[in-house]
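**Q** Listed below are the residues making up each chain.
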Amino acid sequence: MTEHTTPRHTPKGRGVFGALLLSAVCLAGPAHADTTAAKPGANLQSLAELDGKAPSRRNLDIKTWNTAEGAKVLFVEAHELPMFDLRLTFAAGSSQDGNLPGLATLTNAMLNEGVAGKDVGAIAAGFEGLGADFGNGAYRDMAVASLRSLSAKDKREPALKLFAEVVGKPTFPEDALKRIKNQMLAGFEYQKQNPGKLASIELFEKLYGKHPYGHPSDGDARSIPPITLDQLRAFHAKAYAAGNVVIALVGDLSRTEAEAIAAQVSAALPKGPALPKLAQPSEPKPGVNHIDFPSKQTHLMLAQLGIDRADPDYAALSLGNSILGGGAFGTRLMSEVREKRGLTYGVYSVFSPMQVRGPFMINLQTRAELSEGTLKLVQDILRDYLKTGPTQQELDDAKRELAGSFPLSTASNASIVGQLGAIGFYDLPLNFLEDFMQKSQSLTVEQVRAALNKHLAADKMVIVTAGPKVAQQPLPPPTDKPAEQPLGVPEH
Amino acid sequence: MNALARRAAGLLLSTIVMPLVAVAADVQPTHEFTLDNGLKVIVREDHRAPVVVSQVWYKVGSSYETPGQTGLSHALEHMMFKGSNKLGPGEASRILRDLGAEENAFTSDDYTAYYQVLARDRLGVALELEADRMGSLRLPPEEFSREIEVIKEERRLRVDDQPNSKAMELFSAMAHPASGYHTPTIGWMADLERMKVEELRHWYEAWYVPNNATLVVVGDVTADEVKGLAQRYFGAIPKRATPPAKLPLELAEPGLRQLTVHVRTQLPSLIYGFNVPGLATAKDPRSVHALRLIAALLDGGYSARMATRLERGQELVAGASASYNPFTRGDSLFVLSAVPNTQKKKTLAEVESGVWKLLDELKTTPPTAEELERVRAQVIAGLVYDRDSISSQATTIGQLETVGLSWKLIDKELDELKSVTPADIQSAARTYFTRERLSVAHVLPEEQAHD
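Chains A and B supply the protein sequences, listed in that same order. First residue of the first sequence? That's 1 in this note's numbering, and the numbers climb one at a time after it. First residue of the second sequence? That's 1001 in this note's numbering, and the numbers climb one at a time after it.
Do not rely on the hints blindly, as some may be mistaken.
[To be verified] Across the chosen pairs, the derived CB separations fall in these ranges: (1) A:283 x B:1193: 44 to 54 Å; (2) A:135 x B:1066: 53 to 63 Å; (3) B:1258 x A:283: 35 to 45 Å; (4) A:135 x B:1368: 42 to 52 Å.
[As the list claims (entries may be wrong)] Cut-off 30 Å, straight-line C-alpha distance, at most; resulting in silico cross-link-like pairs (DSS-like, lysine-lysine): (5) A:161 x B:1196; (6) B:1344 x A:178; (7) A:387 x A:454; (8) B:1363 x B:1227; (9) B:1357 x A:178; (10) A:118 x B:1239; (11) A:192 x A:161; (12) A:169 x A:271; (13) B:1345 x A:181; (14) B:1344 x A:197; (15) A:340 x B:1196; (16) A:376 x A:277; (17) A:340 x A:63; (18) B:1040 x A:197; (19) A:387 x A:206; (20) B:1363 x B:1283; (21) A:153 x B:1412; (22) A:178 x B:1345; (23) B:1345 x A:197; (24) B:1283 x A:118; (25) A:153 x B:1418; (26) A:63 x A:178; (27) A:277 x A:63; (28) B:1418 x A:192; (29) A:53 x B:1227; (30) B:1196 x B:1227; (31) B:1040 x A:181; (32) B:1344 x A:118; (33) A:277 x A:206; (34) A:181 x A:238; (35) A:197 x A:53; (36) A:197 x A:118; (37) A:469 x B:1166; (38) B:1357 x B:1040; (39) A:192 x B:1166; (40) B:1166 x A:181.
Worth flagging that the hints you see were computed from the coordinates, not collected in a lab. Cβ coordinates follow ideal geometry from the N, Cα and C atoms, glycine included.
From just these sequences and the hints, can you work out the full model?
**A** Encoded structure:
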């Protein structure tokens, strides 16, 4: 084979922060560099020379308006590259499936299978012949349809015309539905070999029960076959309505052009209002659930209900989580489980704030014979962190990290269009990120700890394990040289 | 789907403005220089945002390894995070994290690379950290004894517990009878079990020298700025001769090889691989560009032949792909894979004959002008889209340089693909899609093992 890339750890980007951080934020924060010679990193010349100022960022000027049909639009002009990105986010995820699990995913997958006068091959040839990329996907809260195209008029206009038909007037051909159902069934067979996937399906079921977040977005082998064309059409008519979408647009377009594009797309969609919001889930029953699976490793997932997107504790929990297990090296989980004990390749924790309370989750894998000891270790780390954490140093470091990573979040059109989509979809104010940043920078240790304890309890976790039943061994002792000393990174 | 397909087609991504591309934006200045100690530096300016990516590429990977010592390059990559002269184990990662940087590393058969993405004013930190571990890696034995356990977990996670990766690992070993591409990058488990930190020390001393590395910086910087920093941090690291590195050459026509492997899967699958040259080893580069176009005709999007005919038309497969990487240090492999449509009761034998039909058609019938035009449109647009990411620009440059080609190839991309005629495509198909060059794997569910 040609490519055998094996990264050192799963890149999780910037976790919760990166997914959201956007433009136009002023980094508030005191500059009190306190580097001392005793601190590690102090003999780096480059570090000592940093001026301690917050890094500058690409300035974004977000414009927003509503189309005549009620679609919300967010737009950022970017003329550096002769291209644009258009992203439609509908409240048409699997939480709208009702009693037909997989309906939202199937509808979304069928968008580009047929429009008047064009079958799936002609649609694909249409986009590809223009060099345009069409994308789609359905998740729990949202369904997405996107277009990336060159901005030159002879490419842009035909690409948009086709895109508008695909999202607004799909014909849902019957033979295509059969084929896509078969492919989804093959997918269900395929996921049977994946213990991590099986564990994750089980976890959501235990966490959410009958709530609309409880079933997998793809549905399952029993729910998919009976779904009918009429059900797809009905779902499209209500969930792909202009009142139920957010249009994010970034690229080489003038405001006038952007308005025309948004109007064109919005007018092509079915008419209708936003769908009603979901109810909050009820508290799950804690406990351990095991899936017997003949793998070498055991997958461990621990979860609780977390928060929704509007929760006032979002900043405190994000910051608190980044210290516990937010993706990079040096988090408490990564340091204790991987770096000091070599038990896993990766261990992460995450709050996923959603339309209603999304999960807080810890996820790792370890060799089967150490799985019980490792699970207990992770629970102890969480318990201790909720009780005593974070330290002042950890909090200061996390604030610096947040400020420093900020310029990365607006570096590409792709990242900007993602941020616009999230802001629009979760109905956040345009200055949400500025608020978020200021809030984060002003948090105290006590506030973070209080927020964590308000939302999490170590003995209330819903736990799913997937792996073989094997005789258990004790954990190896940790190294006595934690690489956790405070660092001499100047404030910025 | 389209973006993936474009990559699957091996069409060189990235940047650089083609004079032929009417839609292209202004040229991004790209500068190249070499320090006295042999470190090659390539700087591309991209001033859209005040961020920068720094990548250090070493010319070493699993294809350089010998039997019994597989996995050394990848294990060394892990140990590069475990301390050097100025830094304790894990310390560099914490410094970078607190600066808000993204960092990671990756190992392949032809290269090992390390990168940081960060605010532009912090570039010096990234370079100082890289220079320190290039010149003075510590390799503490007690760190190694823990890290090798992490690597074994990585192997279990990515290969041993992933039936299709496991099958692909065996397939790749079979498809490369003569070259180091036989070796899985993560290493065989038996070799991980007996790896010694002294071997890593030796591997490090052999290959981690400035004259065997390329520093690529893309972002909001100038050449002078980078030159100053590179000289300051890397300048004092001495040059040292590396062992001779032979190109991984394969047998041209090793003969048909077949493998049946039973793994813990519910779905059977088929893998085909033809031994073909890469750009670095081809006598005639046009044949390589013809193979790239063939990959695009077969799988360059949802309107390409595999999706149109095998997936939708005949409904033979639940999914299928074709890929070819021409940018290898040695000979390459043209790979096709497919999962039969079991809902329609299709068998591996039927899928095989469907695949051969596509391949034989390439030999006998020239592609239509419309099909070629569609591929070309995707290449032109892809050259613009890839400029949206500083990391993908840097990766393209680094990869080309490290496999012994030049980043300037990007400039010729479109011209070279345009120069391929329908006759070239037919001729390449006839030359390369033969049973003498073919490896076949049938990947079957375990319950069929006793048939």
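**Q** Hint by hint, say whether it matches the structure.
**A** Hint-by-hint comparison with the structure:
A hinted range of 44 to 54 Å holds for the C-beta pair residue 283 of chain A and residue 1193 of chain B, which are about 46 Å apart. Distance hint check for residue 135 of chain A and residue 1066 of chain B: the Cβ-Cβ separation is about 44 Å, which falls outside the suggested range of 53 to 63 Å. Our hint of 35 to 45 Å for residue 1258 of chain B and residue 283 of chain A is violated, since their Cβ atoms are close to 56 Å apart. The beta-carbon spacing between residue 135 of chain A and residue 1368 of chain B, approximately 27 Å, falls outside the hinted interval of 42 to 52 Å.
Taking the CA atoms of residue 161 of chain A and residue 1196 of chain B, the gap is about 62 Å. The hint is violated against a cut of 30 Å. The hinted pair formed by residue 1344 of chain B and residue 178 of chain A meets the criterion: a straight-line CA distance of about 11 Å does not exceed 30 Å. At most 30 Å may separate the alpha-carbon atoms for a hinted pair to count; residue 387 of chain A and residue 454 of chain A meet this at roughly 12 Å. Of the supplied pair hints, the one linking residue 1363 of chain B and residue 1227 of chain B is violated, its CA atoms being roughly 50 Å apart against a limit of 30 Å.
Distance restraint check for residue 1357 of chain B and residue 178 of chain A: the Cα-Cα separation of roughly 25 Å lies within the 30 Å cut-off, and the hinted pair is therefore satisfied. For the hint linking residue 118 of chain A to residue 1239 of chain B, the alpha-carbon distance of about 62 Å lies beyond 30 Å, and the restraint is violated. The suggested pairing of residue 192 of chain A with residue 161 of chain A is violated, with an alpha-carbon distance near 40 Å, which exceeds 30 Å. The straight-line distance between the Cα atoms of residue 169 of chain A and residue 271 of chain A is roughly 12 Å, inside the 30 Å bound, and the hint therefore holds.
The straight-line distance between the Cα atoms of residue 1345 of chain B and residue 181 of chain A is roughly 15 Å, inside the 30 Å bound, and the hint therefore holds. Proposed proximity of residue 1344 of chain B and residue 197 of chain A is supported: the alpha carbons are some 25 Å apart, at most 30 Å. This hinted pair checks out: residue 340 of chain A and residue 1196 of chain B have alpha carbons roughly 20 Å apart, not beyond 30 Å. Proximity of residue 376 of chain A to residue 277 of chain A is assessed by CA-CA distance (about 38 Å); at most 30 Å being required, the pair is judged violated.
At roughly 48 Å between alpha-carbon atoms, residue 340 of chain A and residue 63 of chain A are farther apart than 30 Å, so this suggested pair is violated. In summary, the hint linking residue 1040 of chain B to residue 197 of chain A is not supported, as the alpha carbons are separated by about 44 Å, beyond the 30 Å threshold. Only pairs whose Cα atoms come within 30 Å are accepted, and residue 387 of chain A paired with residue 206 of chain A is accepted, the gap being roughly 26 Å. At roughly 20 Å between alpha-carbon atoms, residue 1363 of chain B and residue 1283 of chain B fall within 30 Å of each other, so this suggested pair holds.
Note on residue 153 of chain A and residue 1412 of chain B: the hinted pairing holds, with a Cα-Cα distance of about 26 Å set against a maximum of 30 Å. For the hint pairing residue 178 of chain A with residue 1345 of chain B, the CA-to-CA distance comes to about 14 Å; that is within 30 Å, so the pair holds. Under the criterion of a C-alpha separation no larger than 30 Å, the hint pairing residue 1345 of chain B with residue 197 of chain A is consistent with the structure, at around 26 Å. For the hint linking residue 1283 of chain B to residue 118 of chain A, the alpha-carbon distance of about 44 Å lies beyond 30 Å, and the restraint is violated.
For the proposed pair residue 153 of chain A and residue 1418 of chain B, the alpha carbon gap of about 24 Å is at most 30 Å, so the pair holds. Between residue 63 of chain A and residue 178 of chain A the CA atoms are separated by roughly 42 Å; this puts the pair beyond 30 Å, and the hint is violated. A distance of roughly 26 Å separates the Cα atoms of residue 277 of chain A and residue 63 of chain A; the hinted pair therefore holds under the 30 Å criterion. Between residue 1418 of chain B and residue 192 of chain A the alpha-carbon distance is near 45 Å, which puts this suggested pair outside the 30 Å criterion.
At most 30 Å may separate the alpha-carbon atoms for a hinted pair to count; residue 53 of chain A and residue 1227 of chain B meet this at roughly 24 Å. Taking the CA atoms of residue 1196 of chain B and residue 1227 of chain B, the gap is near 37 Å; set against the 30 Å cutoff, the hint is violated. For the hint pairing residue 1040 of chain B with residue 181 of chain A, the CA-to-CA distance comes to about 52 Å; that exceeds 30 Å, so the pair is violated. Between the alpha carbons of residue 1344 of chain B and residue 118 of chain A the distance comes to roughly 25 Å, so the proposed pair stays at or under 30 Å and holds.
Restraint check for residue 277 of chain A and residue 206 of chain A: the C-alpha separation of about 22 Å stays at or below 30 Å, so the hint holds. For the proposed pair residue 181 of chain A and residue 238 of chain A, the alpha carbon gap of about 22 Å is at most 30 Å, so the pair holds. Taking the CA atoms of residue 197 of chain A and residue 53 of chain A, the gap is about 44 Å. The hint is violated against a cut of 30 Å. With a C-alpha separation of about 36 Å, the suggested pair residue 197 of chain A and residue 118 of chain A falls outside the 30 Å cut-off, and the hint is violated.
Distance check on the hinted pair: residue 469 of chain A and residue 1166 of chain B sit about 22 Å apart at the alpha-carbon level, within 30 Å; holds. Between the alpha carbons of residue 1357 of chain B and residue 1040 of chain B the distance comes to roughly 47 Å, so the proposed pair goes past 30 Å and is violated. Distance restraint check for residue 192 of chain A and residue 1166 of chain B: the Cα-Cα separation of roughly 16 Å lies within the 30 Å cut-off, and the hinted pair is therefore satisfied. Proposed proximity of residue 1166 of chain B and residue 181 of chain A is supported: the alpha carbons are some 28 Å apart, at most 30 Å.
Of the numbered hints listed earlier, those contradicted by the structure are 2, 3, 4, 5, 8, 10, 11, 16, 17, 18, 24, 26, 28, 30, 31, 35, 36, 38.
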